[in-house]
Amino acid sequence: MSLYELFGSLETGFIFGIVALGAYLTFQILDFPDLTVEGSFPLGAAVAAVLIVSAGLNPWLATFAAGLAGFVAGFITAYLNVRFKILHILAGILVAISLYSINLRIMGGPNKPLLGVDTVFTAFEGLGVRSYIVSPIFLGVFALCLKLALDLLLATGVGISMRAAGVNPAMAEANGVNVGNMKLLGVGLANFLTAIAGALFAQVFGAADAYMGIGVIIVGLASVIVGMSILPSRTIFLATIACIAGAILYRLAVAAALNAGFIGLHASDVQLVTAVLVAIALIAQHSGLPFLRLRRKGGDK
Amino acid sequence: MIRLADVHVTFNRGTPMETRALRGINLHVPKGEFLTVIGSNGAGKSTCLNVIAGLCRAEAGSVTVDGRDMTGWPVHRRARHLSRVFQDPKMGTCEDLTILENFALAHARTRPRGLRLALTRAMREDAADRLRLLGLGLEDRLGDKVGLLSGGQRQAVSLLMATTGETKVLLLDEHTAALDPKTGEFVLDLTKSLVRDLGLTAVMVTHSMVQALHTGERTIMFHRGRIVFDAKGPERDRMQVADLLALFKREQGEELADDSLLLD
Numbered sequence: 511m512s513l514y515e516l517f518g519s520l521e522t523g524f525i526f527g528i529v530a531l532g533a534y535l536t537f538q539i540l541d542f543p544d545l546t547v548e549g550s551f552p553l554g555a556a557v558a559a560v561l562i563v564s565a566g567l568n569p570w571l572a573t574f575a576a577g578l579a580g581f582v583a584g585f586i587t588a589y590l591n592v593r594f595k596i597l598h599i600l601a602g603i604l605v606a607i608s609l610y611s612i613n614l615r616i617m618g619g620p621n622k623p624l625l626g627v628d629t630v631f632t633a634f635e636g637l638g639v640r641s642y643i644v645s646p647i648f649l650g651v652f653a654l655c656l657k658l659a660l661d662l663l664l665a666t667g668v669g670i671s672m673r674a675a676g677v678n679p680a681m682a683e684a685n686g687v688n689v690g691n692m693k694l695l696g697v698g699l700a701n702f703l704t705a706i707a708g709a710l711f712a713q714v715f716g717a718a719d720a721y722m723g724i725g726v727i728i729v730g731l732a733s734v735i736v737g738m739s740i741l742p743s744r745t746i747f748l749a750t751i752a753c754i755a756g757a758i759l760y761r762l763a764v765a766a767a768l769n770a771g772f773i774g775l776h777a778s779d780v781q782l783v784t785a786v787l788v789a790i791a792l793i794a795q796h797s798g799l800p801f802l803r804l805r806r807k808g809g810d811k
Numbered sequence: 184m185i186r187l188a189d190v191h192v193t194f195n196r197g198t199p200m201e202t203r204a205l206r207g208i209n210l211h212v213p214k215g216e217f218l219t220v221i222g223s224n225g226a227g228k229s230t231c232l233n234v235i236a237g238l239c240r241a242e243a244g245s246v247t248v249d250g251r252d253m254t255g256w257p258v259h260r261r262a263r264h265l266s267r268v269f270q271d272p273k274m275g276t277c278e279d280l281t282i283l284e285n286f287a288l289a290h291a292r293t294r295p296r297g298l299r300l301a302l303t304r305a306m307r308e309d310a311a312d313r314l315r316l317l318g319l320g321l322e323d324r325l326g327d328k329v330g331l332l333s334g335g336q337r338q339a340v341s342l343l344m345a346t347t348g349e350t351k352v353l354l355l356d357e358h359t360a361a362l363d364p365k366t367g368e369f370v371l372d373l374t375k376s377l378v379r380d381l382g383l384t385a386v387m388v389t390h391s392m393v394q395a396l397h398t399g400e401r402t403i404m405f406h407r408g409r410i411v412f413d414a415k416g417p418e419r420d421r422m423q424v425a426d427l428l429a430l431f432k433r434e435q436g437e438e439l440a441d442d443s444l445l446l447d
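Chains as they are written, first to last, in the working numbering: chain A, 511 to 811; chain B, 184 to 447.
Careful: at least some of the hints might be erroneous.
Think about it this way: if two alpha-carbon atoms lie no more than 25 Å apart in a straight line, the pair counts; the simulated SDA-like pairs of lysine to any residue are [unchecked claim]:
(1) B:351 x A:679
(2) A:595 x B:416
(3) B:273 x A:679
(4) B:273 x A:665
(5) A:595 x B:308
(6) A:595 x B:196
(7) A:595 x B:255
(8) A:595 x B:254
(9) B:214 x B:416
(10) A:595 x B:256
(11) B:273 x B:322
(12) A:595 x B:195
(13) A:595 x B:193
(14) B:214 x B:189
(15) A:595 x B:351
(16) B:273 x A:691
(17) B:273 x A:537
(18) A:595 x B:274
(19) B:273 x A:680
(20) B:273 x A:666
(21) B:273 x A:648
(22) A:595 x B:257
These are computed hints drawn from the structure, not numbers from a lab.
Let's have the full structure, built from the sequences with the hints guiding it.
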């Protein structure tokens, strides 16, 4: 693997690390398997691209607006579940499917190029460092900031309520926690993060695309599983580090698999590689290979 | 403090499984009273507690606690005014959270902390002070996840959590039934002293007749969705399990199916 590919893996790794933080919030903290992200990732990209290109908005504001759009998407999924008792997975699929059409409308077509416009990366140009080095560093700092913000949120009164609502809803209710509201907020925030990641992805790779959401949920989940399988995750602080590290390791694993020429894999096989890697990680957990086993909830001794 | 007025609850209405769990319950528990509730399986005692806690909606009648009509309130809103300890020690505490975080959650029951940090120094000291009373050494394990504690320890922590803050009403649902006898006794003694020291109004559902008669100051018995027996004062003090069974037979004209009730 070349240095260039290594930095490329770090770049996408940090972006998907943000997705992984969202997946951690929904799958691990809230026990709410949320599939909305398949739609909210390209939604973030589409909103940011259109706001930057067509509206000429400041790229930072456009990225934040993309996050807000993601929050709304996640909120709708959780609302379908909480208010109308639609199965969480189904609610997520419904919103993700509808977002596919919505994204086409936002972009006015299947994609939106971001060429020759200012992005959040523009500010770091002209520092004398090559862009393929600058952007992973910037994304790394950005992902860590989001990680710390998430850590902080989960240490507040609301955060503890959210964690209790996921692990033991009956107990949370008995302690005055409105479990439904926690799901609305948590799933909304997870999709806020995912849409931010989508917006950054579009700015790094120069285009938003209606199809770029395919498999995002598996990548996010894979990062959480890989990270928490091999790194300590006793505390929230460690667990969120594990999510981001897992995303990077996962990207490196995919890059390595695609690079191993003798296997004969092409870039188009990336989804297959993803699925196989996740399946292996899950099987390893189940069969109890100690180094891959996801720590049982609360069972860290 | 707690007042139930003509409360009716029916499960599976309109099906062959229809069960009239509560048939017009009228109950008043004055402030500071410790009431014990007994009855066989399906008699309605747990349903009665669930109606007060909000887990089960009264289809007719009203539930008033501390002067507030809570009949239509959801569980989490009622939790501001009453607290609960569950039968299953795993239910009363959150295993993924540390002991201190569990206390913080319980504190937020009456005073929500919103976006302020959940753990404060004052809370840490308060939790340690209260845990020290248990004599289990838990005050030195505030950072341990609750999942690491034994059932008895978790139930003791649940009790402390349920009596933290400005609690006035405590609901106990067979909270010693899942513990071994020695631990159960420890938790029951803790319950008695907490209720007495904090001047709480408490309702304890139990399967054990002896426990019902020897805890608190008033005992009621449920049978087929009705209160068939209500004793307090000297009458109750003199009462033995045999008297309770005889009384039941006279009132109901049938033997009490005591397979599910513990006579000892």
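Here is what the structure says about each hint:
A distance of roughly 23 Å separates the Cα atoms of residue 351 of chain B and residue 679 of chain A; the hinted pair therefore holds under the 25 Å criterion. Restraint check: the Cα-Cα separation between residue 595 of chain A and residue 416 of chain B comes to about 49 Å, which exceeds 25 Å; the hinted pair is violated. A C-alpha spacing of about 12 Å is found between residue 273 of chain B and residue 679 of chain A, which places the hinted pair at or below 25 Å, so the restraint holds. A C-alpha spacing of about 23 Å is found between residue 273 of chain B and residue 665 of chain A, which places the hinted pair at or below 25 Å, so the restraint holds.
At roughly 42 Å between alpha-carbon atoms, residue 595 of chain A and residue 308 of chain B are farther apart than 25 Å, so this suggested pair is violated. A threshold of 25 Å between alpha carbons decides the hint, and for residue 595 of chain A with residue 196 of chain B the separation of about 21 Å falls inside it, so the pair holds. For a cut-off of 25 Å, the pair hint linking residue 595 of chain A to residue 255 of chain B stands: about 20 Å separates their Cα positions. Simply put, residue 595 of chain A and residue 254 of chain B have alpha-carbon atoms about 23 Å apart, close enough for the 25 Å limit, and the pair holds.
Simply put, residue 214 of chain B and residue 416 of chain B have alpha-carbon atoms about 16 Å apart, close enough for the 25 Å limit, and the pair holds. The hinted pair formed by residue 595 of chain A and residue 256 of chain B meets the criterion: a straight-line CA distance of about 19 Å does not exceed 25 Å. Between residue 273 of chain B and residue 322 of chain B, the direct Cα distance comes to roughly 20 Å. Compliance with the 25 Å bound is thereby established for this hinted pair. Proposed proximity of residue 595 of chain A and residue 195 of chain B is supported: the alpha carbons are some 20 Å apart, at most 25 Å.
Restraint check: the Cα-Cα separation between residue 595 of chain A and residue 193 of chain B comes to about 23 Å, which is no more than 25 Å; the hinted pair holds. The straight-line distance between the Cα atoms of residue 214 of chain B and residue 189 of chain B is roughly 20 Å, inside the 25 Å bound, and the hint therefore holds. Distance check on the hinted pair: residue 595 of chain A and residue 351 of chain B sit about 34 Å apart at the alpha-carbon level, beyond 25 Å; violated. For the proposed pair residue 273 of chain B and residue 691 of chain A, the alpha carbon gap of about 24 Å is at most 25 Å, so the pair holds.
Using a Cα cut-off of 25 Å, the hinted pair residue 273 of chain B and residue 537 of chain A holds, with the two alpha carbons roughly 21 Å apart. At roughly 23 Å between alpha-carbon atoms, residue 595 of chain A and residue 274 of chain B fall within 25 Å of each other, so this suggested pair holds. About 11 Å separates the Cα atoms of residue 273 of chain B and residue 680 of chain A, which keeps this hinted pair within 25 Å; it holds. For the suggested pair residue 273 of chain B and residue 666 of chain A, the alpha carbons sit about 24 Å apart, so the restraint of at most 25 Å is met.
A hinted pair counts as satisfied when its Cα atoms are at most 25 Å apart, and residue 273 of chain B with residue 648 of chain A does not qualify at roughly 44 Å. Pair hint residue 595 of chain A plus residue 257 of chain B holds up; C-alpha atoms about 16 Å apart against a cutoff of 25 Å.
Hints 2, 5, 15, 21 from the list above are not met by this structure, while the remaining hints are.
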